[in-house]
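Heads up: the sequence lines are chains A and B, in that order.
One point on numbering: in the working numbering, the residue at position 265 of the first sequence is 265, and numbering is uninterrupted.
One point on numbering: in the working numbering, the residue at position 57 of the second sequence is 57, and numbering is uninterrupted.
Treat the hints loosely; a few may be bogus.
No distinction is drawn between identical chains; accordingly, a pair holds when it is met within one copy or between any pair of copies.
[Said to hold, decoys possible] Straight-line Cα separation of at most 20 Å, EDC-like style, residue types lysine to aspartate or glutamate; simulated pairs:
#, residue 1, residue 2
1, K134, D62
2, K81, D330
3, K186, D276
4, K187, E247
5, K271, D202
6, K114, E37
7, K45, E130
8, K81, D311
9, K357, E346
10, K200, D337
11, K168, D337
12, K107, D279
13, K118, E91
14, K81, D345
15, K168, E87
16, K231, D345
17, K58, D4
18, K58, D239
19, K58, D345
20, K259, D50
21, K259, E13
Source of the hints: derived by calculation from the structure; they are not laboratory data.
All values derive from a computational prediction rather than experimental measurement.
There are 2 protein chains.
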Amino acid sequence: MQTDEQLIRRTFELADKGRGFTSPNPVVGTVIVKNGEIIAEGWHKKFGCDHAERMALKKAGDAAEGATLYVNLEPCDFEGKTPPCTEAIIEAGISKVVASMEDPNPKVSGEGLKILQKAGIEVVSGVLEEEAQKLNRGFVSLMQKGRPWITLKMALTTDGFIGDATGKSQWITSDRSLKFVRRERKKHDGVMVGLGTVLKDDPSLLPDYRDGYIPYRIVMDESLMIPYKAKLVNGDYVDRTIIVTGEAGKEKRWNEFQKRHASIVKVDREKMGWIDLEDAFQTLGEEGLSSVYCEGGGRLAASLVDAGLVDELQIFIAPKILGEGIKSFDGFKKSLDQAIQLQWDEVKQFGPDVLLKGRLV
Amino acid sequence: MQTDEQLIRRTFELADKGRGFTSPNPVVGTVIVKNGEIIAEGWHKKFGCDHAERMALKKAGDAAEGATLYVNLEPCDFEGKTPPCTEAIIEAGISKVVASMEDPNPKVSGEGLKILQKAGIEVVSGVLEEEAQKLNRGFVSLMQKGRPWITLKMALTTDGFIGDATGKSQWITSDRSLKFVRRERKKHDGVMVGLGTVLKDDPSLLPDYRDGYIPYRIVMDESLMIPYKAKLVNGDYVDRTIIVTGEAGKEKRWNEFQKRHASIVKVDREKMGWIDLEDAFQTLGEEGLSSVYCEGGGRLAASLVDAGLVDELQIFIAPKILGEGIKSFDGFKKSLDQAIQLQWDEVKQFGPDVLLKGRLV
Chain A
1 MQTDEQLIRR TFELADKGRG FTSPNPVVGT VIVKNGEIIA EGWHKKFGCD
51 HAERMALKKA GDAAEGATLY VNLEPCDFEG KTPPCTEAII EAGISKVVAS
101 MEDPNPKVSG EGLKILQKAG IEVVSGVLEE EAQKLNRGFV SLMQKGRPWI
151 TLKMALTTDG FIGDATGKSQ WITSDRSLKF VRRERKKHDG VMVGLGTVLK
201 DDPSLLPDYR DGYIPYRIVM DESLMIPYKA KLVNGDYVDR TIIVTGEAGK
251 EKRWNEFQKR HASIVKVDRE KMGWIDLEDA FQTLGEEGLS SVYCEGGGRL
301 AASLVDAGLV DELQIFIAPK ILGEGIKSFD GFKKSLDQAI QLQWDEVKQF
351 GPDVLLKGRL V
Chain B
1 MQTDEQLIRR TFELADKGRG FTSPNPVVGT VIVKNGEIIA EGWHKKFGCD
51 HAERMALKKA GDAAEGATLY VNLEPCDFEG KTPPCTEAII EAGISKVVAS
101 MEDPNPKVSG EGLKILQKAG IEVVSGVLEE EAQKLNRGFV SLMQKGRPWI
151 TLKMALTTDG FIGDATGKSQ WITSDRSLKF VRRERKKHDG VMVGLGTVLK
201 DDPSLLPDYR DGYIPYRIVM DESLMIPYKA KLVNGDYVDR TIIVTGEAGK
251 EKRWNEFQKR HASIVKVDRE KMGWIDLEDA FQTLGEEGLS SVYCEGGGRL
301 AASLVDAGLV DELQIFIAPK ILGEGIKSFD GFKKSLDQAI QLQWDEVKQF
351 GPDVLLKGRL V
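Using the sequences plus the hints, can you model the full thing?
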């Protein structure tokens with residue numbers, strides 16, 4: 001007989017199967033247990049499809065009566081693309097619901113659990129809540145801040161450069177770190193670079209494996225200057241490209257990129273003419289992106305940390321010294337007293353490199 | 001009954017008691033064991049004093065006959081400040097000698113052990129040799145390269161700066177890291193900075209605790225420009241200051257510093273007028289310094305890594321971003337292909353900072 005924690009962990013595993021396909025919905029997994037046995041499992045496969053609870057209940061059929069339902073997120077109680085899950089749970093005769101966390105969606109936030117309790121169902125909430133929050137941190141960010149979870153990745157030399165004095169940056173870090181980065185891309189709804197990186201490196205920003213889900217490739221291009229020949233606007237995945245621009249004119253270029261099936265998003269500009277990042281991420285949130293993996297360069301990195309728009313930092317430090325090169329954070333000059341303060345949550349050797357995971361404080 | 005490894009570890013502990021006082025001699029500890037019991041211990045307390053073996057043999061007296069002697073370094077077989085230890089061991093009637101490593105001193109290097117064997121003593125060598133090498137890495141460096149073991153310590157922001165744009169560098173890292181550094185000073189025969197650091201920070205370079213041993217404070221001052229008011233040439237410990245210069249003139253300044261009991265060492269200059277570092281460290285080695293802890297600044301750091309004159313790197317990375325500041329390695333501009341390559345041996349969180357220990361490869 002498995003413990004509540006073990007069964008909730010199983011819902012995490014199931015939830016993760018939908019990763020990349022459910023946004024802006026959360027990833028959700030459900031396990032139905034009767035007499036100590038798992039009788040059905042379900043997960044939210046894709047935005048618009050059955051919720052995890054409904055999928056599991058359908059599988060369980062009549063056996064759901066008197067069973068316990070485990071789920072990593074409070075069941076919804078409102079009519080969306082699908083009818084409310086609370087209704088299905090009550091109808092199936094489930095006698096107990098164990099959930100990890102309340103739904104951060106203001107339309108739900110505790111209401112779903114209350115409805116279940118009123119219907120006479122025993123409700124337990126908060127099992128492995130911290131992990132559940134992490135599992136759906138993109139969704140939580142969308143619900144609470146209206147913008148995606150933002151991860152900033154940087155690859156630096158030990159003396160802090162992201163490229164040598166000639167502009168070369170391929171590759172500062174090792175194969176192992178590059179592979180890690182390409183795998184991380186698949187864990188996010190979008191991958192972002194600044195136009196400078198497109199002009200210099202012409203990246204494709206694709207994950208290693210092209211089967212299944214391809215994250216959006218986002219370029220911050222304030223004046224809509226991305227070259228027609230750039231990889232991001234050519235090839236098989238142009239429909240997975242989003243150009244974020246502050247430029248409303250340049251109709252010919254707009255039309256050309258739209259003809260190629262790239263998306264263009266017009267956002268506000270700041271006084272200096274640079275994209276208003278807060279507006280940009282709010283807009284990406286409205287487009288349904290719950291997480292964005294920002295890969296630099298130095299100007300985008302500086303803008304993000306200066307605006308406080310970084311939820312997680314991933315800094316790779318390569319065992320190399322250049323003496324001179326391209327600055328990693330290009331856009332401000334802080335005194336030591338006013339330095340941007342970070343906190344490291346994880347520090348480890350990563351092949352020949354070092355990986356520091358942290359956040360702004 | 002203790003194993004050979006346990007008894008050799010005890011010699012390491014005893015050896016370490018002499019740390020700071022024995023240079024240019026190695027640190028040595030000795031344990032004499034009879035019938036499974038330690039009957040005497042000894043260590044080399046200070047350059048010119050009894051060697052560890054002799055101290056232990058004196059304590060053991062007649063009981064040494066038939067006993068086993070453990071020592072972290074091959075006993076010497078030549079007449080130096082004291083008579084050869086091999087002689088004392090043979091005379092005392094020791095029946096077995098267990099040593100960690102051969103003496104890297106070309107005057108010994110295996111000869112001491114051979115003499116013991118010829119005298120009918122059973123000899124075992126190589127127990128925990130790697131650790132023994134590390135224990136006396138300064139001495140090994142002096143014997144094999146004619147120069148001290150060189151450790152380069154740097155305190156960097158995450159974006160690679162050692163000071164902000166105004167020049168301020170106190171303090172980039174946390175109290176805990178600063179304390180670590182002050183403790184490290186006491187583990188070295190000398191602590192070194194470039195003149196730039198003296199002009200900017202006016203450091204005292206003293207360890208936390210002033211009791212006992214004070215390491216030499218070395219300033220690389222190519223043109224003998226250190227100010228008369230600098231802390232390094234004032235106060236209680238001027239006799240522990242060494243000024244390394246390429247300047248033979250400036251007689252008035254020479255006389256003034258010597259009057260204050262600072263040492264001045266004249267070394268060669270390179271074509272560019274900068275101190276010939278190889279000559280400088282050879283000279284410090286001849287002065288008896290077996291280890292030097294270099295604390296920057298950026299110009300000294302760049303010169304050291306560029307000359308390959310770094311045996312250990314200690315890099316503290318503070319959780320701070322400045323955007324702009326004083327470069328950590330100031331003196332060259334490498335392409336990515338020609339970057340100075342490092343290797344990390346140890347990576348860990350150190351309070352709020354990260355400590356990377358490594359070396360040049």
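For each hint, the structure was consulted:
no. : hint          : verdict
1   : K134 <-> D62  : neither (34 Å within a copy, 71 Å between copies)
2   : K81 <-> D330  : neither (44 Å within a copy, 60 Å between copies)
3   : K186 <-> D276 : neither (26 Å within a copy, 52 Å between copies)
4   : K187 <-> E247 : neither (30 Å within a copy, 61 Å between copies)
5   : K271 <-> D202 : neither (28 Å within a copy, 43 Å between copies)
6   : K114 <-> E37  : neither (27 Å within a copy, 74 Å between copies)
7   : K45 <-> E130  : neither (23 Å within a copy, 56 Å between copies)
8   : K81 <-> D311  : neither (30 Å within a copy, 64 Å between copies)
9   : K357 <-> E346 : both (5 Å within a copy, 17 Å between copies)
10  : K200 <-> D337 : between (34 Å within a copy, 18 Å between copies)
11  : K168 <-> D337 : between (32 Å within a copy, 9 Å between copies)
12  : K107 <-> D279 : neither (23 Å within a copy, 75 Å between copies)
13  : K118 <-> E91  : within (13 Å within a copy, 95 Å between copies)
14  : K81 <-> D345  : neither (38 Å within a copy, 54 Å between copies)
15  : K168 <-> E87  : neither (58 Å within a copy, 64 Å between copies)
16  : K231 <-> D345 : neither (35 Å within a copy, 39 Å between copies)
17  : K58 <-> D4    : neither (22 Å within a copy, 70 Å between copies)
18  : K58 <-> D239  : neither (35 Å within a copy, 86 Å between copies)
19  : K58 <-> D345  : neither (41 Å within a copy, 55 Å between copies)
20  : K259 <-> D50  : neither (33 Å within a copy, 89 Å between copies)
21  : K259 <-> E13  : neither (40 Å within a copy, 76 Å between copies)
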